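Each chain is listed here by its residues.
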Amino acid sequence: MMAERYDRQIRFWGEHGQAALKDCSIYFLVVDDKETSWRDLGRNFFVDEDAVFNHRFRADTTQRLLQELNDEVVGYSQTVSIDRFLKEYSSEDRLLPIFVCCSLDEQILLKTSEFCWRHQIPFVYAVSYGLLGLVRIAIPEHCVWDAREEMVAQELRLSEPFEELEQYCNNFPLESLDDANHSLVPYAVILVKAFKAFMDSHQGRRPETREDQEAIRLLLRSWMRTPTEENFMEALKHCHFIWMKSLAEPNESLQSILKDYKTEMEGIQLQVDRKDRNLKFWILVAAVKHFVIEDGQGKLPLKGSVPDMISDTESFIGLQRVYKKRAEKEHRIIYQRAQYICKQVGLEENFLSPLEVFEFCRNIRSIAVMRYCSLQDEFQNNTVLKDALKSCLDRNEEDAYFYIAFRACLQFHHQQGHFPGQVMNGSLSSKEPSLLDYEQDYIQLAHLAEKWCKSCDIVKNEKLDATLREMCRYGGSELHSIAALTGGVAAQEIVKLVTKQFRPLSGWFIFNGAQSTSATVSLCTHI
Amino acid sequence: MSQGKDEGKLEDLYLITLRNGPFAHESFSPSEDLLNFLWNECKVLVVGAGGLGCELLKDLALSGFRNIEVIDLDVVDVTNLNRQFLFRQQDVGKPKAEVAAAFIAKRISGINIKGHHANIYDQPREFYKQFNLVVAGLDSIDARRWLNETLIDLVETNDDGTIDVSTVIPLIDGGTEGFRGQARVIIPKMSACFECNLDLFPPQISYPLCTIANTPRLPEHCIEYASVILWPQQQPFGAGTKVDGDNPEHVKWIFERAQERANQFHIQGVTYRLSQGVIKHIIPAVASTNAIVAASCANEAFKLATYIANPLNNYMLYNGESGVYTYAFETERREECPACGRAQPKKICVSPKWTLADLIEVLREDTELRVKSPSLTVSSRALYYSSPASLEQATKENLPQSLDCLLEEGCEIFLTDPALPLGRKLQIFFHKCSKKNK
Ligand SMILES: [Zn+2]
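Taken in sequence, the protein lines are chains U and W. No gaps in the numbering here: position 114 of the first sequence is 114 in my numbering, and each next residue is one more. No gaps in the numbering here: position 308 of the second sequence is 308 in my numbering, and each next residue is one more.
In case anyone wonders, no lab produced these hints; they're calculated from the structure. Just so we're clear, the structure is a prediction, and the values are computed from it rather than from any experiment. Careful: at least some of the hints might be erroneous.
Once the Cα atoms are required to be at most 25 Å apart in a straight line, the calculated DSS-like pairs of lysine-lysine come out as [to be verified]: (1) U:Lys390 / U:Lys451; (2) W:Lys372 / W:Lys280; (3) W:Lys5 / U:Lys34; (4) W:Lys106 / U:Lys34; (5) U:Lys299 / U:Lys196; (6) W:Lys94 / W:Lys106.
A partial selection of chain W residues facing chain U, derived with a Cβ cut-off under 8 Å [said to hold, decoys possible]: (7) Lys9; (8) Leu15; (9) Gly21; (10) Pro22; (11) Asp59; (12) Phe85; (13) Arg217; (14) Thr271; (15) Arg273; (16) Gly277; (17) Ile282; (18) Thr289; (19) Asn310; (20) Gly323; (21) Val324.
Beta carbons are placed, not taken as given, at the ideal position from N, Cα and C, and that holds for glycine.
Kindly produce the complete structure, drawing on both the sequences and the hints.
In structure tokens:
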């Protein structure tokens, strides 16, 4: 029954993704110390009139109405200030899996993010400001177990056939097969044969030049019984696998992950002592690294799956079996290596389950490590930020100006106690034009932005001026559609952080709702 | 709490509509009239009360739209509950449009919202005519094409041949799949329409029949075998009963037969979930993408209704699979678009010896037309009507006739289909060697 409820998303991130969400989201907690106002009713769907009439706290009301959505989840609310919440927090009685901050107060942003950084809690910041929406992720290190980006077909080792594959290919004597069977030989087998034939006729040399490639194509064509034999057409379509740089070996980014200090014994021991949240990931990477060096002759473990190709059932299933068996053999070696590492650093033998290890091996080509820049560093004018903004503007992602304008607004608010162009509560009802005028605030905001630009080596231009004026027009208002979009992006990123699937946002996401465009300010090193 | 109820609720919307800014539309003029228009005049239709529809209703209601109608033929299913947040367990089996409208009305006081538990195809022109804006959150390409053409059909021209802008109803269309989605703004007859860029939505690829029948390799092949080959042979739920992916008994039958076939061929991976997915062509859906795409559509609706900023021109792609990425661009209007342009009759080459049934099969397989049950007339003489049953009965005797007996070379045929309110003109050419594409 309950699996049915989640059917449409399980189809996307799988049963294990769903299990990760379930482990994490058994509860949610809303912290807010304000009473519900009429203005909240114009912004938030999860408050009601009853709450305003009865002076109920926003946190309590939102918790109650959200709770209705799913009774498998338990909601809590705390009507305390964020300062008090942080002071009283103890990871002993309640571990926070994710922390989301939605405050436009610079001090609260910095305080909460610093707190999360210290406790290794993934931090997500999501706010909307007029037609502008912003999301930022910060965590010292996030490890992606499956970025879901790889291409399966590329790792069939067709130009480095392992023993079992070569033996299997011998079952297909192309010349003596009858026409029907000839047209059902899987292209993987055809390409292994083509590769061998080329090597045999070229003194054991691998195909490299354009002429070599043409020779292989000619060879394949010469084997065809009819000009449209479909399995051979498929082979021709995929024949670049023969000369392409092998994907059996780790690529550059994977190599740098394998080389990371955290894969060394001292590195792992340090993580054990500090109870690092990515310990499992790094033990597995270390195990794979040992496999590549000691067992795999420089090659990564096989994934073990075969893409669909024209073939009769028996040959295809046979091929699947060859790859699967070989992969299982390699994955078992890695499991033993992982167990050995666990023992070395004093962890229990079953710290890693075989299933976890096998899953990791299957996805090894699609792992990633992301190390973010903290908000503290960013706000202290870190050079990383300068470079990030520069590269945005170089790419013509002009919405990066909204980042500058937003930072200036936060600063303005910190100094003045209100947002530029903000109209104080109640005075809007008189709709006095002078109250709506934001010229004074604009001048001050522009001054702040100019100082800010100078420190970041950015030239203040017309586009930035327009952006600043637009921000004054917004006056700290919150439009529901923009808030909903921002919240949606934040929710999606939380799913990625929890399931460890897909690559999360690498810094700030900036949505410009006035022009329906966006930019990403990357504040993260990918390895 | 000195603030009044309505003023408080509208404070954020006032701020943005009472002041001008550099990103506002050139014809924006800040005024209270804008919110008054939203409150009292502007009528919005939301098509679909599913994942996008629920979000849209909430977003539009909180953006100041006060006259909203929603139409959906479906009832609430348990698999909706992970993202369609206006529905609860006790609503399962009730009409989506009605439950959704009632929920919004309960939460947001003073709103005028109506739910129609009905098929969009059955509504008369007058129904669509009454709206200022139509926002669609549909998953079916057919329904989106139909809606697009219906709104194009409503556009009238002045005596001097120019478009009567008062008859133009903008269509905002959203769609999602997994972490991907798109939002677009269509101004009928003025900007690119759904049909202009139909190729952005390629037709579903099906598995070749010979693979399914003779050389299955994947679990999907086994499931297709059970539903496409075994089902019509064995008619397990009575003659003429079609496979219903929502009927658990049907899915179970197919799943079990597929499993038998998979065992026979040593194929692994046939599960109940996969069976249902293959039968129903289920697209994975997650709450966050719906929230993002719907919010973006609602934002465009608000911009179109107030001009506080330039509406999207005219297509925005969203992709959240690697980081968060959006791309806004202008799709071009196709001059020869069969829906909104000046289309010449579509040329169809046939062999004179083909039967009418052959022609209809070719039309059904045409990747540009994408019709399921076409009816054909030639100079107002009926060739074949696919429905209603009485007309089908009266015209089906033409089906086995050869085309040269029924038609003249070069003649114009008019095709109608439930999916295409405007119909299509075809021109028939005889070629002896014409092959039915296989
Ligand atoms: Zn068109």
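Status of the hints after comparison with the structure:
no.: 1; hint: U:Lys390 / U:Lys451; result: 17 Å, holds
no.: 2; hint: W:Lys372 / W:Lys280; result: 17 Å, holds
no.: 3; hint: W:Lys5 / U:Lys34; result: 18 Å, holds
no.: 4; hint: W:Lys106 / U:Lys34; result: 24 Å, holds
no.: 5; hint: U:Lys299 / U:Lys196; result: 20 Å, holds
no.: 6; hint: W:Lys94 / W:Lys106; result: 17 Å, holds
no.: 7; hint: Lys9; result: 4 Å, holds
no.: 8; hint: Leu15; result: 4 Å, holds
no.: 9; hint: Gly21; result: 4 Å, holds
no.: 10; hint: Pro22; result: 4 Å, holds
no.: 11; hint: Asp59; result: 5 Å, holds
no.: 12; hint: Phe85; result: 6 Å, holds
no.: 13; hint: Arg217; result: 4 Å, holds
no.: 14; hint: Thr271; result: 10 Å, violated
no.: 15; hint: Arg273; result: 7 Å, holds
no.: 16; hint: Gly277; result: 6 Å, holds
no.: 17; hint: Ile282; result: 6 Å, holds
no.: 18; hint: Thr289; result: 7 Å, holds
no.: 19; hint: Asn310; result: 7 Å, holds
no.: 20; hint: Gly323; result: 5 Å, holds
no.: 21; hint: Val324; result: 5 Å, holds
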